[in-house]
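Student: So the protein sequences, as listed, match chains S and C.
Using the numbering used here, count along the first sequence one by one with no gaps and you end on 299.
Using the numbering used here, count along the second sequence one by one with no gaps and you end on 458.
Among the clues, some could well be false.
Said to hold, decoys possible - Calculated pairs, DSS-like style, for lysine-lysine (alpha carbon to alpha carbon, straight line, at most 25 Å):
id, chain 1, residue 1, chain 2, residue 2
1, S, Lys284, S, Lys257
2, C, Lys247, S, Lys257
3, C, Lys359, C, Lys392
4, S, Lys260, C, Lys247
5, C, Lys353, C, Lys392
6, S, Lys257, C, Lys359
7, S, Lys245, C, Lys247
8, C, Lys197, S, Lys245
9, S, Lys283, S, Lys217
10, S, Lys217, C, Lys197
11, C, Lys313, S, Lys257
12, S, Lys260, S, Lys270
Stated by the list, open to error - Here are a few chain S residues that face chain C, going by a calculated C-beta distance under 7 Å:
id, residue
13, Asn228
14, Cys232
15, Gln236
16, Leu237
17, Thr239
18, Gln240
19, Asn241
20, Arg242
21, Lys245
22, Met251
23, Met255
24, Gly280
25, Pro281
26, Lys284
27, Trp295
28, Ile298
In case anyone wonders, no lab produced these hints; they're calculated from the structure.
We put the beta carbon where it would ideally sit given N, CA and C, even for glycine.
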Amino acid sequence: MLRIEWKFLILLLVSMAVYSSCVGEKEPEDEGEKTVQLEAQLIEEGVHIATGFKAEGDYKLVIANCTSCHSSQLVTQNRATKEGWEDMIAWMQKTQKLWDLGENHDKIVTYLATYYGPEKKGRRTPLLVEEWYAIE
Amino acid sequence: MNAKKKKRTEIGISELYSKEPEQADQLLWGRQADPITRRGFLQKGGLMLMGSVLGGKIVFADHMPGGLIPIGLFEQDDTPIPGKHPDLVVLNDRPVNAETPAHLLNESLTPADVLFVRNNGIPPVEVKVDEWTLTIEGESALSTKTYTLQELKNTFKHYTYQLTLECGGNGRSEFNPPAKGNQWTTGAVGCPSWTGVRLKDVLNAVGVKSDAVYIGYYGNDRHVSGDPDKVVISRGVPIGKAMEEESLIAWGMNGQDLPAMNGYPLRLVFGGWPASTSGKWLTKIVVRNKEHDGPKMGGMSYRVPCKPVPPGAKVTEDEMCIIESMPVKSLVTYPKSGGLLKAGRSLAVKGKAWAGDLSVREVHVSIDFGASWQKATLSQAVNRLAWQSWEATLSFPEKGYYEVWARATDSQGNMQPMIVPGWNPKGYLNNACHRIAIKIV
Numbered sequence: 164m165l166r167i168e169w170k171f172l173i174l175l176l177v178s179m180a181v182y183s184s185c186v187g188e189k190e191p192e193d194e195g196e197k198t199v200q201l202e203a204q205l206i207e208e209g210v211h212i213a214t215g216f217k218a219e220g221d222y223k224l225v226i227a228n229c230t231s232c233h234s235s236q237l238v239t240q241n242r243a244t245k246e247g248w249e250d251m252i253a254w255m256q257k258t259q260k261l262w263d264l265g266e267n268h269d270k271i272v273t274y275l276a277t278y279y280g281p282e283k284k285g286r287r288t289p290l291l292v293e294e295w296y297a298i299e
Numbered sequence: 018m019n020a021k022k023k024k025r026t027e028i029g030i031s032e033l034y035s036k037e038p039e040q041a042d043q044l045l046w047g048r049q050a051d052p053i054t055r056r057g058f059l060q061k062g063g064l065m066l067m068g069s070v071l072g073g074k075i076v077f078a079d080h081m082p083g084g085l086i087p088i089g090l091f092e093q094d095d096t097p098i099p100g101k102h103p104d105l106v107v108l109n110d111r112p113v114n115a116e117t118p119a120h121l122l123n124e125s126l127t128p129a130d131v132l133f134v135r136n137n138g139i140p141p142v143e144v145k146v147d148e149w150t151l152t153i154e155g156e157s158a159l160s161t162k163t164y165t166l167q168e169l170k171n172t173f174k175h176y177t178y179q180l181t182l183e184c185g186g187n188g189r190s191e192f193n194p195p196a197k198g199n200q201w202t203t204g205a206v207g208c209p210s211w212t213g214v215r216l217k218d219v220l221n222a223v224g225v226k227s228d229a230v231y232i233g234y235y236g237n238d239r240h241v242s243g244d245p246d247k248v249v250i251s252r253g254v255p256i257g258k259a260m261e262e263e264s265l266i267a268w269g270m271n272g273q274d275l276p277a278m279n280g281y282p283l284r285l286v287f288g289g290w291p292a293s294t295s296g297k298w299l300t301k302i303v304v305r306n307k308e309h310d311g312p313k314m315g316g317m318s319y320r321v322p323c324k325p326v327p328p329g330a331k332v333t334e335d336e337m338c339i340i341e342s343m344p345v346k347s348l349v350t351y352p353k354s355g356g357l358l359k360a361g362r363s364l365a366v367k368g369k370a371w372a373g374d375l376s377v378r379e380v381h382v383s384i385d386f387g388a389s390w391q392k393a394t395l396s397q398a399v400n401r402l403a404w405q406s407w408e409a410t411l412s413f414p415e416k417g418y419y420e421v422w423a424r425a426t427d428s429q430g431n432m433q434p435m436i437v438p439g440w441n442p443k444g445y446l447n448n449a450c451h452r453i454a455i456k457i458v
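Pulled out of the complex, with its shape left as it was, chain S reads as follows:
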């Protein structure tokens, strides 16, 4: 479970940037570090940390259109083919007040089917043990 207290946390970098812009200083040696690295924008190991989406393709369209009513977790825990995602979107549009996605529709479906497509698994999967411990 990814549980990150990102919302109140920003980088020292930001405060340094605020401070330096107030007093007119510059940090010419490292332009890259001046980019705002807000936790909300942070991507680590290809994952957009604030939402958990794979930060590939049109993920920003998915954030903008698919996290208004429900959490991104409702998307990222699911797996489906293109057809399956189409069905879910149609159901949300029919019953849950999801708007017409217009020109973004196909991009969103493609992103979902590409990064959240079905995985091959049998009728039982291997048990996943996060941490072995001693039974007293």
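Please build the complex by placing chain C on the supplied structure of chain S, with the hints as guidance.
Tutor: Chain C in isolation, oriented as in the chain S frame:
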């Protein structure tokens, strides 16, 4: 990367805004307000990012003053679910859906703070208990009556039962092809005690016509879309189930008020049936002369194919049947999966078993992937529709990796399957044997 990590520290967003609000806007969101009106967003990127952080479109973005801290940042909550154990696994934080790791269900009476949460909508924020009312009406009710919560408590006899509540989608994560929805593993189940009045006593006081076939509920949670007039979920049960002695209109759990996330201050409880029938934040019950037709009664919701279908089949709505009693199932609640045990020592495994409207007749455990089974000691339920505790002492022949499997058999001889049972489009009713991992070292 290392240099960046070293520089990172935590400062509060309030602090940043208190220093230079417009700078903060720029830095946090790439936001630059219109220089004349000092409102709105000059670049759409800033708006989209802020919207995504807030978790919603900022509808009146054009009027949003520059330098304003979006209040949504403070409303969004990363802390554990109110009133709930921090070790619950959150599948979805909006609406809240969280399940209970099996080892937290080891007590025969499920503590209120570990009972799973399955919300379809947003719970009421401010509950005024003194003003809470329950109305009974409908075409098959002889009259319409409204009771305050206090009147319900004063008018009808109180009953307390321990009742098993399980989400119809518990176990969905194992279906293949995958089924849409919250990917519950094993933890959308629990068995606390519930206190309230019998639904049948209230229905009889109102009067039920002879043509009544179903009851439906309405609660006052809000739809996730924000539309105040949209009903989140309104399901129910056939009149026969409604009239059972254990079917309650409940205000209490384990001797306390209901937890906020489990329907405070009033809800229905139908033990052994999909928990979605047990409406939360209950304000109205309708007595129907036909199958209730509220949201999530029809379509594909809480339904499975009337006849078995191959995995991945297209099933039309008219081929789907409503789930009623839940199937036989069990959990290993002690030890927690992943235990290392010294060779030569025996292990007392414990668990729970339940069977919808039925009782559990036997529980067996296996340490050899189902090749052989050992009968467990099984306790009686404290009352009808409560789960039963079981226990077995295991010894392991040699060092290595083992899985402990549990398999319950109900009073009609139905057994849990060792593999995931029949595929269905929405991934309901997975009652495959629970498995835990043990290593002998």
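Student: Regarding the pair Lys283/S and Lys217/S, is the alpha-carbon distance no greater than 25 Å?
Tutor: Holds - the C-alpha atoms of Lys217/S and Lys283/S are around 19 Å apart, at most 25 Å.
Student: Would you check the hint for Lys284/S and Lys257/S, treating anything up to 25 Å between C-alpha atoms as holding?
Tutor: violated (31 Å)
Student: Just to be careful: measuring from the Cβ of Gly280/S to every Cβ in chain C, is the smallest value less than 7 Å?
Tutor: violated (9 Å)
Student: Given the hint that Lys359/C pairs with Lys392/C, does the C-alpha gap stay at or below 25 Å?
Tutor: With a Cα-Cα distance of about 24 Å, the restraint between Lys359/C and Lys392/C holds, given a limit of 25 Å.
Student: Should the interface hint for Ile298/S be scored as holding, given a Cβ-Cβ cut-off of 7 Å against chain C?
Tutor: holds (4 Å)
Student: Return the status of the interface hint for Lys284/S: holds when the least beta-carbon distance to chain C is below 7 Å, violated otherwise.
Tutor: At about 5 Å, which falls below the 7 Å cut-off, the nearest Cβ of chain C leaves the hint on Lys284/S intact, so it holds.
Student: Checking one constraint from the list: CA of Lys260/S to CA of Lys247/C, max 25 Å. Satisfied?
Tutor: holds (9 Å)
Student: Run the distance test for Lys313/C versus Lys257/S: straight-line Cα separation, threshold 25 Å.
Tutor: Satisfied, since the Cα-Cα distance of roughly 13 Å is no more than 25 Å.
Student: How about Pro281/S: closest beta carbon in chain C under 7 Å, or not?
Tutor: At about 6 Å, which falls below the 7 Å cut-off, the nearest Cβ of chain C leaves the hint on Pro281/S intact, so it holds.
Student: Does the CB of Leu237/S sit less than 7 Å away from some CB of chain C?
Tutor: For Leu237/S, the interface hint holds, since the closest Cβ of chain C sits about 5 Å away, which is under 7 Å.
Student: Classify the hint on Cys232/S as holds or violated, based on whether any CB of chain C lies nearer than 7 Å to its CB.
Tutor: holds (4 Å)
Student: Does the CB of Arg242/S sit less than 7 Å away from some CB of chain C?
Tutor: holds (4 Å)
When each numbered hint is compared with the structure, violations occur for hints 1, 6, 7, 13, 17, 21, 23, 24.
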